[in-house]
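**Student:** Here is what each chain is made of, one letter per residue.
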Amino acid sequence: MDRMTAIKGSLEVCVLSILYKKRSYGYEIMKELEKFNIKLKGVGSIYPILTRIKEKQLVNVRKEFAEDERPRIYYEINEKGIAFLKNEMQEWYALQHDIDSLMTYHAKDLKEDN
Amino acid sequence: MKEELLPYERRYVNEIMDILKSSEVKSSYREDAKEQLVEHIHEARLNNEDFKEILGTPEHFALHFMDTAVTREEQAVTKMNIKEAKHQSKRVFSLKGPLFFLVLTGIFYLVLQFSTVLIFTPVLAPGYGTAFHLFVISDFLWWNILVTAINVGIALVLSTVTMYLLSKRYRLF
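Note that the protein sequences, when read in sequence, are chains A and B.
Yeah, the first sequence ends on 123 if you go by our numbering, and it's all consecutive.
Yeah, the second sequence ends on 1663 if you go by our numbering, and it's all consecutive.
A portion of the hints provided could be inaccurate.
[Claimed, not checked] In the EDC-like style, the derived pairs of lysine to aspartate or glutamate whose C-alpha atoms are separated by at most 20 Å in a straight line are:
no., chain 1, residue 1, chain 2, residue 2
1, A, 48, A, 11
2, B, 1542, A, 11
3, B, 1516, B, 1505
4, A, 31, A, 43
5, A, 48, B, 1543
6, A, 72, B, 1521
7, B, 1524, A, 78
8, B, 1511, A, 64
9, A, 40, A, 64
10, A, 65, A, 21
11, A, 17, B, 1549
12, B, 1524, B, 1494
13, A, 65, B, 1557
14, A, 48, B, 1540
15, A, 63, A, 78
In short, the hints are calculated from the structure, not lab data.
Predicted model, so just to flag it, every value in this text is computed and none were measured.
Chain A extracted, bound-state conformation (with noise of 0.2 Å):
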């Protein structure tokens, strides 16, 4: 499967539910996803997403400054955001169940091989 393309398709998601636990800024948020092996090289930044979702409304945005007056941007989810998160992960494991059920149902020697 091409990690790349499942990994654009899913970084919305992994987005929102970084910033569910906590407020974050772009960079951290980046090394948070790296931390579970998802990598952004070739992939694109993480940054068009957060513009996304903050002009879809699911994260409020505050300017602020680091210790040595560096500029950093926090995104904060907010109830849409929330509600928007819950509903995707819902879609998000139903389909993963369907895909799991129609592969253990055509191939399940091969996927006991793994």
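Fit chain B to the supplied structure of chain A, relying on the hints for placement.
**Tutor:** What follows is chain B alone, placed relative to chain A:
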């Protein structure tokens, strides 16, 4: 507020901004992208990382940004704007092309030729009469051919400049 970027970093950001602007991405998105880029470049520098490793080339970032950040509704509006712009450019499209260039050159040539006759022949002299020859400046054929060639040359240059200026103003090309 420390937002200073090194020259090559600024150039990178500017290149992306130029691409987004020329692609008619609205200013709020562009401003967003700029802030994000500045933040990322600062953070990458602080962590001794190459900011381009994640962001990619300016073209790559800009394309990915337009593809991902702009919502479908916005994309539809942008497409409509592009369609409208194309439609508008079609309206002035009749000014484009070799036919318009030839007509323009012809007009310039005639004006130049007429001016040459007025300046270099005594047609305006009192009591000259009604004899007027647009292509006869002198009794020598070579001189008439030379003047005509010079006027045609000037007309071509003027037409080219006019077309260039019109294209800049009305996006003919």
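**Student:** Each hint should be assessed against the structure and marked as holding or not.
**Tutor:** Against the structure, the hints:
1. A:48 x A:11: 13 Å, holds
2. B:1542 x A:11: Measuring from Cα to Cα gives roughly 23 Å; hence the hint is violated.
3. B:1516 x B:1505: At roughly 16 Å apart (the allowed maximum being 20 Å), residue 1505 of chain B and residue 1516 of chain B satisfy the hint.
4. A:31 x A:43: 17 Å, holds
5. A:48 x B:1543: 11 Å, holds
6. A:72 x B:1521: Roughly 13 Å separates the two Cα atoms, so the pair holds.
7. B:1524 x A:78: Holds, because 17 Å separates the two Cα atoms, which is no more than 20 Å.
8. B:1511 x A:64: 18 Å, holds
9. A:40 x A:64: 23 Å, violated
10. A:65 x A:21: Since the Cα atoms of residue 65 of chain A and residue 21 of chain A sit roughly 12 Å apart, the hinted pair holds (cutoff 20 Å).
11. A:17 x B:1549: With a Cα-Cα distance of about 18 Å, the restraint between residue 17 of chain A and residue 1549 of chain B holds, given a limit of 20 Å.
12. B:1524 x B:1494: This hinted pair holds, its Cα atoms lying about 13 Å apart.
13. A:65 x B:1557: Roughly 15 Å separates the two Cα atoms, so the pair holds.
14. A:48 x B:1540: Holds, at roughly 15 Å.
15. A:63 x A:78: 23 Å, violated
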